[in-house]
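**Student:** Residue strings, one per chain:
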Amino acid sequence: MTAKRVTFKLNGVTLEAPEGQLVIEAAKAAGVEIPHYCYHPALGNPGNCRLCVVEVAGAPKPMVSCRTQVREGLEVYTDSEPARRAQASSLELHLVNHPLDCPVCDQSGECGLQDYYMKFGRYDSQVREAKEHKRKRLEIGPHVMLDQERCVLCTRCTRFTEKITKTSELGIFGRGHKEFVDLAPGQRLDNAYSGNTVDLCPVGALTDKDFRFKVRVWYLDQTPSICADCSRGCNVSLHTNTKRPWHDEGRRLARVKPRHNPEVNQWWLCDEGRYGFKKFDEDRLGRVMRLIPYRRELAWETALDELASELRRELEALGPEGLAVVASGALSNEDWAAFKAFFVDALGCKRFLFAPQPDQLGIEDDLLRRKEKVPNLEGGKALGFGSAVASLSWERLEADLEAGKIWGLYLIERDAARFWGAKASALLSKPRLVVWQGPWKGRTGELAHFRLPATAHIEEDGHFTNFEGRIQAYQKALEPLGQARPDWSIFEGLRQRLGAAQKAAR
Amino acid sequence: MKILTRHFDNPKLHELETYRALGGYQGLAKARGMAPQAVQEEVKKSNLRGLGGAGFPVGMKWSTVPPPEKAPERFVVANFDESEPGCFKDRVLGTRAPHQILEGLLIACHAVSARWGFVFIRGEYADQYDILKKAVAEAEAAGLCGDVKVRLMRGAGAYICGLDTALLETMEGKKAWPRQPPPFPTVVGLMGKPTVVNNVETLSMLPHILVNGGQWFADIGAKGDPARRIHPSGGTAVYSVSGDVERPGIYEFAMGTPLRQIIEAAGGVRGGRALKAVIPGGTSTPPLAASEIDVPMDFDSLRGVGSFLGAGGIVVLDETRDMVEVSHNIERFLAHESCGQCTPCREGSEWTTRILERVLEGGGVEPDLANLRRVGENIAGKVICALGDTVGMVVRGYMKKFPEDFAKRLPAKPAEAAR
Ligand SMILES: Cc1cc2nc3c(=O)[nH]c(=O)nc-3n(C[C@H](O)[C@H](O)[C@H](O)COP(=O)(O)O)c2cc1C
Ligand code: SF4
Ligand code: SF4
Numbered sequence: 001m002t003a004k005r006v007t008f009k010l011n012g013v014t015l016e017a018p019e020g021q022l023v024i025e026a027a028k029a030a031g032v033e034i035p036h037y038c039y040h041p042a043l044g045n046p047g048n049c050r051l052c053v054v055e056v057a058g059a060p061k062p063m064v065s066c067r068t069q070v071r072e073g074l075e076v077y078t079d080s081e082p083a084r085r086a087q088a089s090s091l092e093l094h095l096v097n098h099p100l101d102c103p104v105c106d107q108s109g110e111c112g113l114q115d116y117y118m119k120f121g122r123y124d125s126q127v128r129e130a131k132e133h134k135r136k137r138l139e140i141g142p143h144v145m146l147d148q149e150r151c152v153l154c155t156r157c158t159r160f161t162e163k164i165t166k167t168s169e170l171g172i173f174g175r176g177h178k179e180f181v182d183l184a185p186g187q188r189l190d191n192a193y194s195g196n197t198v199d200l201c202p203v204g205a206l207t208d209k210d211f212r213f214k215v216r217v218w219y220l221d222q223t224p225s226i227c228a229d230c231s232r233g234c235n236v237s238l239h240t241n242t243k244r245p246w247h248d249e250g251r252r253l254a255r256v257k258p259r260h261n262p263e264v265n266q267w268w269l270c271d272e273g274r275y276g277f278k279k280f281d282e283d284r285l286g287r288v289m290r291l292i293p294y295r296r297e298l299a300w301e302t303a304l305d306e307l308a309s310e311l312r313r314e315l316e317a318l319g320p321e322g323l324a325v326v327a328s329g330a331l332s333n334e335d336w337a338a339f340k341a342f343f344v345d346a347l348g349c350k351r352f353l354f355a356p357q358p359d360q361l362g363i364e365d366d367l368l369r370r371k372e373k374v375p376n377l378e379g380g381k382a383l384g385f386g387s388a389v390a391s392l393s394w395e396r397l398e399a400d401l402e403a404g405k406i407w408g409l410y411l412i413e414r415d416a417a418r419f420w421g422a423k424a425s426a427l428l429s430k431p432r433l434v435v436w437q438g439p440w441k442g443r444t445g446e447l448a449h450f451r452l453p454a455t456a457h458i459e460e461d462g463h464f465t466n467f468e469g470r471i472q473a474y475q476k477a478l479e480p481l482g483q484a485r486p487d488w489s490i491f492e493g494l495r496q497r498l499g500a501a502q503k504a505a506r
Numbered sequence: 001m002k003i004l005t006r007h008f009d010n011p012k013l014h015e016l017e018t019y020r021a022l023g024g025y026q027g028l029a030k031a032r033g034m035a036p037q038a039v040q041e042e043v044k045k046s047n048l049r050g051l052g053g054a055g056f057p058v059g060m061k062w063s064t065v066p067p068p069e070k071a072p073e074r075f076v077v078a079n080f081d082e083s084e085p086g087c088f089k090d091r092v093l094g095t096r097a098p099h100q101i102l103e104g105l106l107i108a109c110h111a112v113s114a115r116w117g118f119v120f121i122r123g124e125y126a127d128q129y130d131i132l133k134k135a136v137a138e139a140e141a142a143g144l145c146g147d148v149k150v151r152l153m154r155g156a157g158a159y160i161c162g163l164d165t166a167l168l169e170t171m172e173g174k175k176a177w178p179r180q181p182p183p184f185p186t187v188v189g190l191m192g193k194p195t196v197v198n199n200v201e202t203l204s205m206l207p208h209i210l211v212n213g214g215q216w217f218a219d220i221g222a223k224g225d226p227a228r229r230i231h232p233s234g235g236t237a238v239y240s241v242s243g244d245v246e247r248p249g250i251y252e253f254a255m256g257t258p259l260r261q262i263i264e265a266a267g268g269v270r271g272g273r274a275l276k277a278v279i280p281g282g283t284s285t286p287p288l289a290a291s292e293i294d295v296p297m298d299f300d301s302l303r304g305v306g307s308f309l310g311a312g313g314i315v316v317l318d319e320t321r322d323m324v325e326v327s328h329n330i331e332r333f334l335a336h337e338s339c340g341q342c343t344p345c346r347e348g349s350e351w352t353t354r355i356l357e358r359v360l361e362g363g364g365v366e367p368d369l370a371n372l373r374r375v376g377e378n379i380a381g382k383v384i385c386a387l388g389d390t391v392g393m394v395v396r397g398y399m400k401k402f403p404e405d406f407a408k409r410l411p412a413k414p415a416e417a418a419r
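Residue numbers (our numbering), protein chains in the order written: chain A, 1 to 506; chain B, 1 to 419.
In case anyone wonders, no lab produced these hints; they're calculated from the structure.
Backbone N, C-alpha and C fix where the C-beta goes; we use that ideal spot for every residue, glycine too.
A few of these clues could be false.
Where chain B lies over chain A, by a calculated footprint (3+ residues, C-beta under 8 Å) [as the list claims (entries may be wrong)]:
no.: 1; stretch: 42 to 51
no.: 2; stretch: 61 to 74
no.: 3; stretch: 89 to 96
no.: 4; stretch: 169 to 180
Between the sequences and the hints, there should be enough to build the whole structure, so can you do that?
**Tutor:** Okay, here's the thing in structure tokens:
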């Protein structure tokens with residue numbers, strides 16, 4: 001049932017909104033910002049910060065817009081003199097005991113206190129008293145640091161652990177001005193979603209351990225992207241640091257933040273997805289290499305020529321049955337299209353290992369995390385790489401290699417060597433041709449004949465299809481490392497060299 | 001006029017036998033012979049208003065409880081948290097006449113069809129807890145509780161727990177952070193069920209109303225004057241009189257009795273000193289100047305002189321008292337007891353206290369007065385519960401009525417001290 005629509009007035013402008021909608025939401029929809037800390041659409045409206053006060057015609061005192069509902073004929077002023085005065089005075093009271101340590105605070109530049117002071121405050125301080133001191137620099141979990149002095153006691157973080165993760169590690173202790181946020185006795189903030197408390201905290205009380213003192217937020221660029229760490233496809237924003245490369249030892253990706261998408265991840269992100277980004281700057285493949293028969297760096301064109309001619313030779317001699325392809329659900333839809341055009345349509349290849357095996361499976365829960373730890377299985381399935389085609393398992397592939405049925409093994413981003421452990425070098429020495437393609441070196445990269453660097457998804461534009469079949473775009477946030485190029489362009493380069501000839505021969 | 005304290009000279013009043021011999025539990029019997037709705041009507045007629053501080057008409061509060069068809073389970077809670085400085089009448093009522101409270105609670109349960117009656121007792125009232133526990137056992141043994149289960153619950157010691165919605169939170173085992181109505185407790189209260197919270201003095205009035213009739217009670221009290229927006233207040237109130245008087249103690253008077261008469265009953269100002277100020281309703285209520293004590297003591301008349309009847313805690317202050325010290329003392333209490341939930345009260349109460357502290361220590365600067373007033377204005381009306389309003393109101397009340405005490409503490413010349 002949809003709510004009845006009613007008309008009300010906001011700052012003198014007549015607007016329509018669903019009856020019963022909170023004024024703070026209705027104003028937001030109309031582009032009017034009302035300052036607030038405690039209210040959050042997912043966490044409720046305890047009304048404790050008293051910052052969202054507005055003037056309501058006929059009301060004897062300022063009303064909190066997070067608890068006032070739109071009704072027919074309601075008249076609200078967010079910018080009248082009394083409303084502004086009420087907002088500024090609430091802000092002033094928030095700042096009485098705030099340490100004002102912005103120069104050493106990571107939140108600086110994106111802080112609710114700074115922003116609101118500039119927009120709604122701008123008064124001269126009347127505080128002559130000493131500030132209340134509380135505890136600082138508390139490591140409350142693997143990812144999050146707490147500074148109790150900076151806290152405005154909005155209870156967002158405690159409500160998150162109570163209502164969303166249902167773990168209740170955080171609480172508000174003490175009374176009155178001595179009150180502070182802290183861990184419940186015997187607890188640590190180590191749930192799988194702990195990083196969200198940092199996003200929720202409107203001030204610098206909760207900060208990312210990982211991001212502390214690394215780079216000022218105003219040097220960061222933001223690019224919309226999709227998290228590639230499981231098949232949920234959470235919407236994220238990649239915060240990259242290219243303007244100050246000397247900060248944080250050249251780490252290009254400074255942090256990952258969730259982007260609100262009510263259909264996919266709401267406001268949240270799991271810690272694996274949030275803090276797993278260091279891999280994009282670690283152990284990466286930068287150069288096109290041929291390792292066997294001897295180790296040399298190649299230009300792309302040479303490498304593709306050499307690989308194409310070797311593939312052609314073996315295909316002509318032994319046929320496509322002996323070529324096994326191990327692909328990863330990390331490929332984009334664009335990659336999958338080129339993958340199919342090359343391996344299936346051009347080469348007639350039949351032996352695929354595609355389905356997630358233990359190497360790509362992990363923990364699942366009922367909030368966000370999915371057990372398949374790759375982003376785009378559905379994109380592959382849509383092109384026919386479902387269970388029917390993907391007949392191989394790691395065990396079966398191992399047996400086929402042992403039996404000498406495989407002359408060529410083309411591995412895309414799946415580190416067979418790591419999976420096989422001690423047996424890996426023996427198994428990988430069986431085929432005449434082993435190709436390793438992907439963003440990372442992996443252990444297999446050391447044992448392959450060809451090593452082809454591919455871009456990570458953060459270095460290209462593309463699309464993933466999540467587990468529900470939702471196609472989502474991501475954008476290029478950073479330049480590729482070294483010679484890396486998108487997977488689809490590697491497949492396409494090979495197809496152009498070899499596919500036409502192969503087809504003609506058949 | 002004495003209703004609740006009429007038999008207080010009887011040292012055995014707390015025993016069931018004595019209480020019954022003096023007419024106790026007849027009100028309950030009468031109520032049980034009536035339909036719940038009829039009991040509500042009788043109480044409405046009596047003009048009984050809540051004596052816990054807010055003065056809300058009792059019958060009207062009860063009538064907002066949804067009908068049993070909609071919400072079969074409902075509760076009545078007797079508020080025995082009495083923590084307001086200057087108030088001790090509930091303690092005396094609980095010590096001397098526990099059955100009067102219990103009978104009132106059982107009548108209220110009948111009036112709203114509740115099967116559970118709770119008494120929430122201030123943690124420090126250990127003796128009263130024992131006395132009441134014994135009374136409940138006696139009443140149960142005598143079959144007086146009927147199908148109502150009466151349970152006692154002790155507070156853990158915080159002023160805010162006396163506020164009805166904070167009380168419900170703490171009863172549920174949570175931190176006593178006041179809820180923000182609506183919904184009101186009579187609709188969504190304890191464990192989400194309709195709950196009536198009434199002060200123990202309020203409840204103690206019920207047996208007498210039932211026995212003598214609502215009209216009798218209304219006639220005793222203040223008639224009111226609708227033109228001046230003064231609504232009637234039925235019956236009497238029990239005042240706790242303390243401070244600079246000859247005979248501190250509890251005194252019961254009809255609603256509308258002039259404050260002067262109550263102070264005189266307590267022997268007047270101690271040691272023949274001159275009166276300077278009176279706190280009429282407990283320290284949360286702004287002070288009256290000596291010239292204002294002819295005000296009739298009822299809920300609405302006191303508003304006319306900028307204060308409240310509150311819970312009837314009358315504190316008399318003689319000419320030697322310094323109002324900066326008094327207001328600092330009260331603000332410090334409020335800052336200590338602020339639950340800390342909402343920012344203006346949490347921060348504003350402490351800031352106000354510290355400014356007053358600095359002024360008291362001789363470090364006052366000229367802008368302090370304006371700032372105190374401004375901070376007070378910025379808290380009142382912008383908070384979740386009445387404690388915050390009080391924080392903003394109290395200091396402004398003292399500054400308004402005793403400006404010379406504040407002026408005396410500041411440097412003669414308006415010069416800003418070094419910041
Ligand atoms: C800060 C604060 C403290 C209070 N403390 C008490 C108390 O100790 N006892 C009490 O009966 N009412 C107290 N009240 C009033 C209660 O909230 C509530 O109004 C009362 O218990 C209702 O009963 P009544 O209608 O019989 O007065 C307090 C209110 C406030 C704002
Ligand atoms: S730590 Fe942050 S989110 Fe938590 S209560 Fe304090 S200000 Fe709010
Ligand atoms: S006004 Fe004070 S006591 Fe009341 S809820 Fe707010 S902080 Fe707590």
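**Student:** Among all the numbered hints in the text so far, which are the ones the structure does not match?
**Tutor:** none
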